[in-house]
Amino acid sequence: MNALRAFLPARAVLHEEEDTRPYECDGLTAYRQLPMVVALPETEEQVQRVLQACAALGVPVVPRGAGTGLSGGALPPGDGVLLSMAKFMRVLRVDPRARVAIVQPGVRNAVISEVAAPFGLFYAPDPSSQIACTIGGNVSENSGGVHCLKYGLTLHNVLRLRGYTVEGEPIELGSEAPDAPGYDLLALAVGSEGMLMVVTEVAVKLLPLPQSARVIMASFDDVEKAGQAVAAVIAAGIIPAGLEMMDRPATHAVEQFVAAGYDLQAAAILLCESDGTPEEVDDEVARMMAVLAQAGAARMTVSRDEAERLRFWSGRKAAFPAVGRISPDYYCMDGTIPRKRLGEVLRFIAAMEKKYDLRCPNVFHAGDGNLHPLILFDANSAEELHRTELFAAEVLEKCVEVGGTITGEHGVGMEKINQMCVQFRPDELELFHSIKRVFDARGLLNPGKAVPTLARCAEYGRTRGRGVAAAHPELPRF
Amino acid sequence: MTLEPFQTRIRDAAQRGVALRLRGGGTKDFYGNEPRGEVLDTRAYAGIVSYEPTELVITARCGTSLSEVERILEENGQCLPFEPPHFGAGATFGGCIAAGLSGPRAASAGALRDFVLGARIVDGRGRALGFGGQVIKNVAGYDVSRLLAGSLGTLGLLAEASLKVLPRPAEQLTLRLEMPQERALEAMQRWASQPLPLSATAWHDGELFVRLSGAAAAVRAGVAKIGGEPLDAAPWLAIREQSHAFFSASPLWRIAVPPVAAPLALPGAQLLEWGGALRWLAAAAPAGAVRDAAQRAGGHATLFRARDKSAGVFAPLAPTVARLHRGLKAAFDPVGILNPGRMYPEF
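In the order they appear, the protein sequences are chains A and B.
Numbering-wise (our numbering), the first sequence opens with residue 1 and increments by one.
Numbering-wise (our numbering), the second sequence opens with residue 1 and increments by one.
The set of hints was computed from the structure by calculation and includes no laboratory data.
In this text, all values refer to a predicted model and were calculated from it rather than measured experimentally.
Please note that the accuracy of each hint is not assured.
Stated by the list, open to error - With a cut-off of at most 27 Å between alpha-carbon atoms, the simulated BS3-like pairs for lysine-lysine come out as follows:
id, chain 1, residue 1, chain 2, residue 2
1, B, LYS309, A, LYS205
2, A, LYS225, A, LYS205
3, A, LYS150, B, LYS225
4, A, LYS150, A, LYS225
5, A, LYS340, A, LYS355
6, A, LYS87, A, LYS205
To be verified - Computed from the model, here is a short list of chain A residues facing chain B with C-beta under 10 Å:
id, residue
7, ARG97
8, ALA98
9, VAL111
10, HIS156
11, ALA189
12, SER192
13, LEU206
14, ALA232
15, LEU385
16, GLU401
17, GLY403
18, ARG437
Don't be surprised by glycine CBs; every beta carbon is placed ideally from N, CA and C.
Use the sequences and the hints to build the structure in full.
Pasting the structure below:
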């Protein structure tokens, strides 16, 4: 602390418990740890000096954006410094000609599209927590959103990162040119969960705003039929701007909360969006409706205006807080599967609901195979929490078994570190550790996250993660 | 088909400390520094492992012919959206990814690395490892498969890879306009800021070519906005494969810059692609001058084709980034036997 006070003002170094308490967890509140110190630098030079000071003392550092992450990636170190990037809130430059925005990492995701809008541009990745989550956090997690089938993930929309290694050496990866010489270290850094570098500046790509967009809400009397309809849309050569599925328990929870106008009779609904020029949208909507009808859609409604389109989406984006109102707690999973295995995985989840006697509504980024089953439970009951953990572990392992992954967009963090042992073999985990050492030889940056030690994997089965409830239940998610 | 033969070969080479030159069809032997070492031919390990059009993913072994992959995609109305150059009939799937090169559509659809979803590799210790997968969203572990794209075989043998694919555009049309470079750059930027279905642009010697791809309605609207004369014989294949007369000159520089960079004041002819972000220079200009101009413009220059590569093929790296490169090379290939020096002489 003295080392930090040497160059940071007193208000930027927090250590009293009442000040550090708000930083004890991120969106995954079941994991809590008071940091020894919270540092709130305001300049790049201060970030560098925080890192140099920590490196000199051999103290761990954990970077943090808005703390909305759901995998415990920003869980503080009890014996180290939580490096909050909250004060890096400036949009440094919007260049409409180059279609680039240069922003600081604490800028909220939604702000980028807001500042780009006057130029007819937008930033494409739109995680549902976009009103709160920061671009720095998005870079760490390689966040997606509901439009990433067509527009890509954070990885596809970030051009350049500037920041520091854990030793405080300045580093710049990527370029506003189409590529940079050497290995694609930008691809390695995006999604690295704050393990490889601390980002202080991000250049993102901006895209022309589509002139118009309309969404089809299609009802199905069977969840698997809805899954097959998704495949049929893609087989028809259409890449919808958004393609989302919700099952009946999810639509019922949502409808009570936001009155999105969903068909409550349907076993599942699909939201299928088209964007582009008005002519293009009319044409694509007609083609999608024909395919959906062919695939057995019982009813279809097309948004008539922007207000209705946003209302249809509001339900999807509010699915998590809505579920938060019908259950004391919920646990959100984030597995991705090949779409063709959807029926099998949904049947498996239904069987798990019976086995563990817990309800589990499903929301699904159907276009890209990313499932968000939500297990409803009461964290006050240790026994129920335990059942939830077992349920979740079985589902994630099922995702791996069918050729998918344990995390599509939330990251591994602390939460899924055991399941990494299922998805990867020891040699692969060992290579991850080698990569980490190249950037951070002493393991001081966000230690213990994302990649399990081989010893931990050996233990897995006997020890399990402790808890799972999500913070910020009011925030729209995913 | 197993990876065992590759593993044995690499383990043996590591033990003997002998360099291996990983090679598919050899169509890109000209690219990068001079290949050296015993040839490890990847072509026997061939075949499409899985392809289901509705999953938008194809998985193939490294030795599979790139043309074969494209043919099967075409039969199903799909394509590799980044339009990779082949540079010869023998181009392989693995070589394509290891070289990491993209063609005309990359500026709008994304580059090769954007479509890599997963890979199975054999590292420099002969270990068979798998990263990523066959799903579009996957954040478990570091993104090793994308790191391997464009690594020129220096980190591992790319034995198998999964790429995201997309539907072929319904309509495609190329327009030709006449204008000098400065105006062409300005026009390409203006169009790129608007919701137009641009899928390729190229300028050379006063001629600007613009390709529009997508729904018929969108292409029609684009033609109305851009103007120019529709072409029957479009130049895209000749540009992608560098069979266009411009590319016959040597040395050939590939200069990547932000698209808004002003025309580069360098001697010699230029051909622009990717809305001005890719500038090919055919000139025997001093390497230092080319690299300085690229750097001043915010980009970098690669000596793409040349007999004399003593100036270095790739732009020098910043010291910290260079240290990370050496570290990664050592992590993947501790003895340094996989395509040593192909990217940078020091590793």
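Hint check results:
Among the hinted pairs, LYS309/B with LYS205/A is inconsistent with the structure: their alpha-carbon atoms are about 34 Å apart, more than 27 Å. Between LYS225/A and LYS205/A the CA atoms are separated by roughly 37 Å; this puts the pair beyond 27 Å, and the hint is violated. In summary, the hint linking LYS150/A to LYS225/B is supported, as the alpha carbons are separated by about 24 Å, within the 27 Å threshold. A threshold of 27 Å between alpha carbons decides the hint, and for LYS150/A with LYS225/A the separation of about 23 Å falls inside it, so the pair holds.
For the suggested pair LYS340/A and LYS355/A, the alpha carbons sit about 24 Å apart, so the restraint of at most 27 Å is met. About 23 Å separates the Cα atoms of LYS87/A and LYS205/A, which keeps this hinted pair within 27 Å; it holds. Hint status for ARG97/A: holds, given a least beta-carbon distance of 5 Å to chain B, under 10 Å. Hint status for ALA98/A: holds, given a least beta-carbon distance of 4 Å to chain B, under 10 Å.
With 10 Å as the threshold, the beta carbon of VAL111/A stays out of range of chain B, its nearest partner Cβ sitting at about 20 Å, so the hint is violated. The beta carbon of HIS156/A is positioned within 10 Å of a beta carbon in chain B (closest approach about 5 Å), and the interface hint is therefore held. Nearest Cβ of chain B to the Cβ of ALA189/A: about 9 Å, under the 10 Å cut. The hint holds. A distance limit of 10 Å between C-beta atoms decides the matter here; for SER192/A the minimum to chain B is near 6 Å, and the interface restraint holds.
Restraint check, LEU206/A versus chain B: the minimum CB separation of about 9 Å is within 10 Å; hint holds. The restraint placing ALA232/A at the interface with chain B holds, with a minimum CB-CB distance near 8 Å, inside the 10 Å limit. A hinted interface residue such as LEU385/A counts as satisfied when its beta carbon comes closer than 10 Å to some beta carbon of chain B; here the least separation is about 24 Å, so the hint is violated. The restraint placing GLU401/A at the interface with chain B is violated, with a minimum CB-CB distance near 12 Å, outside the 10 Å limit.
Below 10 Å, beta-carbon pairs count as interface contacts, and GLY403/A has one with chain B at about 6 Å; its hint therefore holds. For ARG437/A, the interface hint holds, the least distance from its beta-carbon to any beta-carbon of chain B being 7 Å, beneath 10 Å.
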